[in-house]
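Enquirer: Start from the sequences and build out the full structure, keeping to the hints where you can.
There are 2 protein chains.
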Amino acid sequence: MKDIKFICTKCNKEFPIDKALYRCDVCNEPLEVEEIKEGKIKEGNVLNQTILDRYSEFFPFVNVDNEIGLGEGFTSLVESKELAENLGVGKIYFKNESQNPTWSFKDRGTIAGVQHALKLGYKRIGTVSTGNMAPSVAAYGSKAGLETFVFVSKHIAPEKLNPIAIYNPNLIKVDGDYGSLYYESLKIGKENNIYFINSDAPFRVEGSKTIAFEICEQLNFNMPDYVVVPTSAGGNIRGIEKGFREFKNCGFIDRVPKIICAQASGCSPIYNAYNNKSETIERFENPNTIAHAIENPFPPSGNETLRIIKKNGGTFVAVSDEEIVECQGILAQSGIFGQPASAVPLAAVRKLKEENYFKGNEKIVCVVTGSGLKYTAAFEKHNLVAMECKIEELSDFIRDEF
Amino acid sequence: MKDIKFICTKCNKEFPIDKALYRCDVCNEPLEVEEIKEGKIKEGNVLNQTILDRYSEFFPFVNVDNEIGLGEGFTSLVESKELAENLGVGKIYFKNESQNPTWSFKDRGTIAGVQHALKLGYKRIGTVSTGNMAPSVAAYGSKAGLETFVFVSKHIAPEKLNPIAIYNPNLIKVDGDYGSLYYESLKIGKENNIYFINSDAPFRVEGSKTIAFEICEQLNFNMPDYVVVPTSAGGNIRGIEKGFREFKNCGFIDRVPKIICAQASGCSPIYNAYNNKSETIERFENPNTIAHAIENPFPPSGNETLRIIKKNGGTFVAVSDEEIVECQGILAQSGIFGQPASAVPLAAVRKLKEENYFKGNEKIVCVVTGSGLKYTAAFEKHNLVAMECKIEELSDFIRDEF
Numbered sequence: 001m002k003d004i005k006f007i008c009t010k011c012n013k014e015f016p017i018d019k020a021l022y023r024c025d026v027c028n029e030p031l032e033v034e035e036i037k038e039g040k041i042k043e044g045n046v047l048n049q050t051i052l053d054r055y056s057e058f059f060p061f062v063n064v065d066n067e068i069g070l071g072e073g074f075t076s077l078v079e080s081k082e083l084a085e086n087l088g089v090g091k092i093y094f095k096n097e098s099q100n101p102t103w104s105f106k107d108r109g110t111i112a113g114v115q116h117a118l119k120l121g122y123k124r125i126g127t128v129s130t131g132n133m134a135p136s137v138a139a140y141g142s143k144a145g146l147e148t149f150v151f152v153s154k155h156i157a158p159e160k161l162n163p164i165a166i167y168n169p170n171l172i173k174v175d176g177d178y179g180s181l182y183y184e185s186l187k188i189g190k191e192n193n194i195y196f197i198n199s200d201a202p203f204r205v206e207g208s209k210t211i212a213f214e215i216c217e218q219l220n221f222n223m224p225d226y227v228v229v230p231t232s233a234g235g236n237i238r239g240i241e242k243g244f245r246e247f248k249n250c251g252f253i254d255r256v257p258k259i260i261c262a263q264a265s266g267c268s269p270i271y272n273a274y275n276n277k278s279e280t281i282e283r284f285e286n287p288n289t290i291a292h293a294i295e296n297p298f299p300p301s302g303n304e305t306l307r308i309i310k311k312n313g314g315t316f317v318a319v320s321d322e323e324i325v326e327c328q329g330i331l332a333q334s335g336i337f338g339q340p341a342s343a344v345p346l347a348a349v350r351k352l353k354e355e356n357y358f359k360g361n362e363k364i365v366c367v368v369t370g371s372g373l374k375y376t377a378a379f380e381k382h383n384l385v386a387m388e389c390k391i392e393e394l395s396d397f398i399r400d401e402f
Numbered sequence: 001m002k003d004i005k006f007i008c009t010k011c012n013k014e015f016p017i018d019k020a021l022y023r024c025d026v027c028n029e030p031l032e033v034e035e036i037k038e039g040k041i042k043e044g045n046v047l048n049q050t051i052l053d054r055y056s057e058f059f060p061f062v063n064v065d066n067e068i069g070l071g072e073g074f075t076s077l078v079e080s081k082e083l084a085e086n087l088g089v090g091k092i093y094f095k096n097e098s099q100n101p102t103w104s105f106k107d108r109g110t111i112a113g114v115q116h117a118l119k120l121g122y123k124r125i126g127t128v129s130t131g132n133m134a135p136s137v138a139a140y141g142s143k144a145g146l147e148t149f150v151f152v153s154k155h156i157a158p159e160k161l162n163p164i165a166i167y168n169p170n171l172i173k174v175d176g177d178y179g180s181l182y183y184e185s186l187k188i189g190k191e192n193n194i195y196f197i198n199s200d201a202p203f204r205v206e207g208s209k210t211i212a213f214e215i216c217e218q219l220n221f222n223m224p225d226y227v228v229v230p231t232s233a234g235g236n237i238r239g240i241e242k243g244f245r246e247f248k249n250c251g252f253i254d255r256v257p258k259i260i261c262a263q264a265s266g267c268s269p270i271y272n273a274y275n276n277k278s279e280t281i282e283r284f285e286n287p288n289t290i291a292h293a294i295e296n297p298f299p300p301s302g303n304e305t306l307r308i309i310k311k312n313g314g315t316f317v318a319v320s321d322e323e324i325v326e327c328q329g330i331l332a333q334s335g336i337f338g339q340p341a342s343a344v345p346l347a348a349v350r351k352l353k354e355e356n357y358f359k360g361n362e363k364i365v366c367v368v369t370g371s372g373l374k375y376t377a378a379f380e381k382h383n384l385v386a387m388e389c390k391i392e393e394l395s396d397f398i399r400d401e402f
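So the sequences go chain by chain: A and B.
Here UniProt numbering is used: position 309 in the first sequence is 309, and no number is missing along the way.
Here UniProt numbering is used: position 393 in the second sequence is 393, and no number is missing along the way.
Treat the hints with caution; some may be incorrect.
[Unchecked claim] The calculated DSSO-like cross-link candidates involving lysine-lysine, where the alpha carbons are at most 30 Å apart (straight line), are:
1) K40/B <-> K42/A
2) K160/B <-> K381/A
3) K42/A <-> K390/B
4) K42/A <-> K91/B
5) K248/B <-> K258/B
6) K119/B <-> K91/A
7) K258/B <-> K81/A
8) K277/B <-> K13/B
9) K390/B <-> K19/A
10) K310/B <-> K37/B
11) K258/A <-> K363/A
12) K173/A <-> K390/B
13) K91/A <-> K190/B
14) K311/A <-> K351/A
15) K119/A <-> K81/B
16) K248/B <-> K154/B
17) K13/A <-> K311/A
18) K187/B <-> K390/A
19) K154/A <-> K187/A
20) K160/B <-> K390/A
21) K119/B <-> K154/A
22) K13/B <-> K40/A
Because the hints were derived from the structure by calculation, they are not lab data.
Expert: Here is the structure:
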């Protein structure tokens with residue numbers, strides 16, 4: 001490992017990076033890897049690179065093990081001129097994270113976490129998740145030949161369990177307060193030599209930086225004004241914001257875009273804290289949203305997300321399930337079918353335009369966090385139609401009806 | 001359009017490329033775009049390119065419209081040392097086409113077809129599919145703002161219908177002989193100005209060439225000995241073989257890998273014709289396989305696939321559903337969760353090793369055609385397990401059991 005430290009996001013206390021550490025022993029706030037002040041992007045074509053390889057100067061690893069990767073990152077940035085026009089904004093782009101190996105952004109943080117675990121000599125990794133993170137950690141654990149533990153809620157639906165189980169991890173349904181399992185897992189990891197790569201583990205945040213790095217490269221370093229991120233635990237939005245900050249440190253970009261924290265109104269603890277002018281989040285009671293992937297009632301990086309987004313100058317938005325479903329349809333009809341959580345940024349943009357937060361010439365990037373195939377129950381919320389016709393009448397039918 | 005022609009794959013009759021043509025009016029065999037004899041790969045980083053852009057000298061388009069793309073192609077090539085060792089072959093790689101925008105290889109052919117349709121002035125596109133092709137054409141039709149017609153069988157399951165319908169095409173369930181709909185659609189297209197991008201449409205085959213191009217680049221032009229392709233209509237395997245041939249014409253590679261046509265025994269018309277030493281395929285009666293994505297009983301490019309693979313020096317294999325399911329699990333436990341059809345190449349490699357077709361030092365690429373999330377009914381075929389534990393007993397449970 002390079003000479004870089006973990007730092008508490010709140011009190012700045014330093015910790016050694018060659019240990020599996022997650023939170024400050026003084027403030028219980030998340031640790032993060034020290035901010036990179038200078039670095040270069042590795043030359044070459046991404047067809048023959050991994051994200052840890054291309055952006056190696058932004059990670060504390062001295063050497064990178066490319067064999068543990070599954071081809072994560074380097075996802076598309078797709079512009080929609082039609083949507084920009086309909087929304088009344090300057091330009092709108094979608095960073096399509098559903099093109100990752102397990103079809104969500106989680107693979108970026110997982111590879112960074114697995115790399116750190118291996119550097120530290122761990123033979124076991126784990127995670128606490130019923131969403132996108134569980135299949136991601138299970139897949140990368142399989143690839144790297146690590147013993148992998150996935151803790152899910154006892155009440156998980158089979159439709160969510162199967163796509164984790166197919167990778168054959170040690171999959172454990174946990175009976176008890178699922179909300180406390182995040183903290184419990186860190187203790188269990190310490191006792192059993194399991195490196196946990198949870199939602200806001202420092203190296204998961206490091207992995208998410210590469211979303212920002214790629215956006216910069218894909219826009220030829222002409223920065224967007226806003227980047228809108230569906231937010232749950234807070235790990236992804238923290239990573240994206242940090243990535244832009246590090247690229248600014250290196251002189252690649254002249255400003256950090258304003259980052260917008262987008263939540264579902266059915267579970268919006270960070271938005272609520274912002275709205276109530278509180279500096280700390282409170283547990284969101286009775287969460288209930290179709291955007292299950294971002295349904296975390298007590299996000300472990302909630303306070304830090306509040307701090308960094310206020311400092312960054314961005315804002316916080318919450319949108320209803322009705323708006324989410326509508327925007328999932330609109331997004332699909334632009335060619336990108338994201339899971340409900342992935343439609344939250346588009347719904348947020350629409351709302352911010354209606355509220356005149358956006359004036360009309362903004363350049364905006366929305367992060368599409370995962371594939372629509374991951375949550376098929378959402379289909380029922382859409383009014384999906386099919387016609388019927390006899391084969392021998394098909395040509396006439398088309399001539400007459402269209 | 002450049003000065004390039006369509007040519008009949010059987011009799012070599014020439015046809016103009018500025019029309020929507022599909023099959024020879026003499027032999028009824030598929031047309032293809034004339035083979036490229038010289039060309040260069042465009043320099044630059046694929047993060048800022050499209051496949052039609054990077055490989056533009058291998059397509060007949062004078063200019064490429066990048067705005068109609070969704071970030072197709074440039075998928076990962078993942079090596080598995082563990083699997084190579086277990087299988088007893090030299091090296092094995094997986095070209096993971098599930099990382100495309102609609103999570104299958106079909107997006108490559110769709111973008112090439114849409115580009116051709118637009119060059120010809122079409123405002124309408126269509127396809128006949130109940131599998132991966134339908135959502136792909138629906139997504140790209142939406143993105144390009146084209147009126148899109150998707151013909152599916154009347155008996156399609158909702159689980160297959162919804163992921164097409166979400167893109168909002170003109171979705172028509174057709175009552176009648178679905179097998180004849182491929183040919184019927186070409187007539188309907190002509191009568192109603194719809195450009196059909198079916199399974200082996202010439203430009204779909206052109207799109208599939210880019211799989212070969214990328215494999216060459218990703219292996220630094222050190223060719224694999226074999227490329228194994230799950231085969232249904234025959235369009236994809238034809239494109240991959242043609243891609244290697246064109247790169248050889250240009251001197252990028254010194255030999256074309258042997259291409260292996262891998263089918264499911266439950267629907268193996270091309271393998272059967274090869275086995276029976278026939279030069280033409282026969283309709284496969286009562287097809288029945290879990291690999292629905294390659295369940296085409298009368299593949300429109302079946303005869304041409306027979307011709308080119310024999311000429312190429314590759315071979316034909318068929319594997320059982322039991323082998324497919326087992327290999328889907330093995331592949332997932334290497335980190336890649338493909339749909340059942342995507343496990344057919346791995347099953348084929350295992351079989352060819354058992355039969356001593358492979359000697360043990362071969363370098364093999366398997367094409368993983370689509371995401372495992374596309375066919376969730378396959379989960380039932382796996383013995384997927386989860387343990388259960390109370391939260392307060394979790395640490396002890398792990399200490400004692402693992």
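Enquirer: Under the constraints set out in the numbered hints, which ones does this structure not fulfil?
Expert: Violated hints (numbers, rising): 3, 7, 13, 16, 21 and 22; every other hint is consistent with the structure.
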